[in-house]
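**Student:** This is what each chain is made of:
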Amino acid sequence: MAGPVLEPGQAQEGKPGPFGFTRPQFALFSAMAAFFAAAPFLGLYEVFLAKILCFALFACAFNLLIGYVGLLSFGHAAYFGMGSYVAGHAAKVWGLPPELAILCGGLIGFALGLPFGWLAIRRSGIYFAMITLALAQMVFFFCLQARFTGGEDGIQAIPRGVLFGVVDLGPDRNVYFFVLAVFLAGFLLVHRIVHSPFGQVLKAIRENEPRATSLGYRTDDYKLMAFVLSATLSGIAGGTKAIVFGIATLTDVHWSMSGEVVLMTLLGGLGTVFGPVAGAAIIVTMQNYLAGFGAWVTIVQGAIFVVCVLAFRAGVIGEIGKALKLRL
Amino acid sequence: MSLSRRSVLGVAAGAPLLTTSLSFRKARAQAQNTIRIGVLNDQSGVYRDLSGPGSTHCARYAVRESGITQAGVNVEVIEADHQNRPDVGSTVMRQWMDRDGVDVILDVPTSSVALAANTLVRERNKVFLCSGAATSDLTGPACSPNTIHWTYDTWMLANSTARAMVAAGGQTWFFVTADYAFGHALERDTTAFITAAGGRVLGSVRHPFPNTDFSSFLLQAQASRAQVIGLANAGADTTNAIKQAAEFGITRRGQRIAGLLVFITDVDALGIETAQGLVLSETFYWDLNDRTRAFTRNLGTMPGNIRPSMVQAGCYSAVLHYLKAVREMGVAAAKANGAEVVARMKAMPTDDQAFGQGSIRADGRKLHPAYLFQVKTPQESSGRWDYYRLLGETPADRAFRPMAEGGCALVRS
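If you read the sequences in order, they're chains B and R. First residue of the first sequence? That's 1 in my numbering, and the numbers climb one at a time after it. First residue of the second sequence? That's 1 in my numbering, and the numbers climb one at a time after it.
Looking at chain B on its own, in the form it has when it is part of the complex:
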């Protein structure tokens, strides 16, 4: 599994700031939040930005597992996709407001993550990846067959609804700021988890699991908890996406979505705080702005991946962090 970007002590750690951020991290976080808050006013398209944020949250949730516990799940599309289906169904058929619909998405992520995680963490490495993939394929099959998902047509025309009965999410700008709030909350939650004593144990497990066991930690419980947290957040990300776009389809549960989130996290930097966000932004931007160039999208995406693996293996943020000798 991928190691940390820096060995502990190598970085010039500042005093811990708010939310357990180091000073530079907090500065970067503020810059990121300010950028996203200002972006719609700079002429960037809200729905596109909201899409970046949904995937950024998904990648952050995924990074929690691979970056900090060292578990490569190849089935995260299951939680993301089911989250989007359930949130879509809740909003459209049950008529729930968006905040509850997204919560339903998170719940299904939790409900799937618990048994799947319980089963999968019994193995590690490639076996872990294969078990998660197999379980995710089962979920895909379920979504293909189940009546409420609408087969290959998906759930269409999901209403955005009215947030807390006050804010109409119909206008793009409103829905964007709602997604921004969800994303920032999720991002801070992941950061808080990683930099808590619980997160320290997770990192200990990543570095050397037998040693963590010998120190008296029940590593399986820790891994399961991290898995479930990651799956829940993925479900929330999927639910948010369903609300923004008004659709939930098979794309979200397909295994290629699991691959895409690996790509995002890898491109941004495994085990970095800001890497998944950068990775998601890069991939989503490519998918959108290269759409006009036709067949070139997949080629460019492949080329960028190759270049990334050849030239900066720690990912964009990872390499910047290395150059500046900071933990980002």
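Just so you know, the hints here were simulated from the structure itself, not pulled from any lab data. Where hints are given, some of them may not hold.
Just so you have them, the derived chain R footprint on chain B, three or more residues with Cβ under 8 Å [as the list claims (entries may be wrong)]: (1) 47–57; (2) 153–159; (3) 183–191; (4) 233–246.
Cross-link-like lysine to any residue pairs, in silico, SDA-like; alpha carbons within 20 Å at most [as the list claims (entries may be wrong)]: (5) Lys376(R) - Ala269(R); (6) Lys92(B) - Pro141(R); (7) Lys92(B) - Val166(B); (8) Lys92(B) - Glu123(R); (9) Lys376(R) - Arg361(R); (10) Lys346(R) - Gly140(R); (11) Lys92(B) - Met348(R); (12) Lys325(B) - Arg313(B); (13) Lys92(B) - Ala409(R); (14) Lys346(R) - Ala269(R); (15) Lys324(R) - Met348(R); (16) Lys203(B) - Gly20(B).
Heads up, the beta-carbon is just placed ideally off N, CA and C, and yes, glycines get one too.
We have chain B; now place chain R onto it with these hints.
**Tutor:** Here is chain R on its own, set in the frame of chain B:
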């Protein structure tokens, strides 16, 4: 490492600037007197040959043929790749309509993306001319005053293939069905038409989706001794099944294979040796009559040097008719109210080289005849693209689902 990290970073930093400046330039070029047509389809995946750049080519040709530019109206045709992903397609369409002043969404294969387009276009009161998608829901429960479903749909394919096939002597059927909602629906619909036409279904077998090994399913179909083996599946599943059926020599032993969702581009990809004897329905074939041949000649060289598929011909036909309505209404009125343009289009009879004379029904269904073709043998064929022999024709008034059965809310009231 031969790649310098600095140069890589430099290029990476430069790329977004380039794309941003491109999009700004696009936005600035917006003019009041310009109609913008956005062709959204698959440019990199399985539907590329069927739709892809060929659809854009046909749309541009329609603009030239309409002569609207000489009347002082600018028409701009832009294209994008939805990668068969509803979320990508949805973002592109929103951006096109909300920011770039696009008035028409054209083509859109893959029914999940087409249904998303249907909703988005209706919300914004623009126009959706659907040529690429198969789902008959677009003129059924999901019908919209802003959408016209142009070329074909699943109901028409099942109806034409089943009825014309039974009439041509295919009395007994056996289905090889993809085991998901789409396959089940296709099998159910086709079965109803077969029984109505006096044929009989001997049995069916369901295969997982997606699937690569069809041997056991095909052997069951062969053992049933049915005259026709119906393939109620799509895309790679269908082509795989056809390939393996050719290996088993099923068609040479007298059974016929009917593909319910096969296009001329699939036949071209399979090769005539493999596809020979296959029976399928389409609404357009380039070598059907003098007008379609003239159309194909006038198109010039298509991207990839292909002959137009029915989906691409549908893009041409739809744009041509749309521009007639625009000409009648004036650009400003057409840009302001998509539903009004669609209403005008429904009021006018259609006539073009590819589909001949036709009309558009109140529920948004474009009507034209459906044709049943059989793929020629290599001996009969004179070369690439000489693929079809006409077996039968369903006239326009019976080719598509009757309006009353669709459940479209527009016509109930």
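**Student:** Does each hint hold? Answer for all of them.
**Tutor:** So, going through the hints one by one against the coordinates:
no.: 1; hint: 47–57; verdict: holds (count 3)
no.: 2; hint: 153–159; verdict: holds (count 4)
no.: 3; hint: 183–191; verdict: violated (count 0)
no.: 4; hint: 233–246; verdict: holds (count 3)
no.: 5; hint: Lys376(R) - Ala269(R); verdict: 15 Å, holds
no.: 6; hint: Lys92(B) - Pro141(R); verdict: 16 Å, holds
no.: 7; hint: Lys92(B) - Val166(B); verdict: 19 Å, holds
no.: 8; hint: Lys92(B) - Glu123(R); verdict: 17 Å, holds
no.: 9; hint: Lys376(R) - Arg361(R); verdict: 34 Å, violated
no.: 10; hint: Lys346(R) - Gly140(R); verdict: 17 Å, holds
no.: 11; hint: Lys92(B) - Met348(R); verdict: 37 Å, violated
no.: 12; hint: Lys325(B) - Arg313(B); verdict: 16 Å, holds
no.: 13; hint: Lys92(B) - Ala409(R); verdict: 19 Å, holds
no.: 14; hint: Lys346(R) - Ala269(R); verdict: 36 Å, violated
no.: 15; hint: Lys324(R) - Met348(R); verdict: 9 Å, holds
no.: 16; hint: Lys203(B) - Gly20(B); verdict: 16 Å, holds
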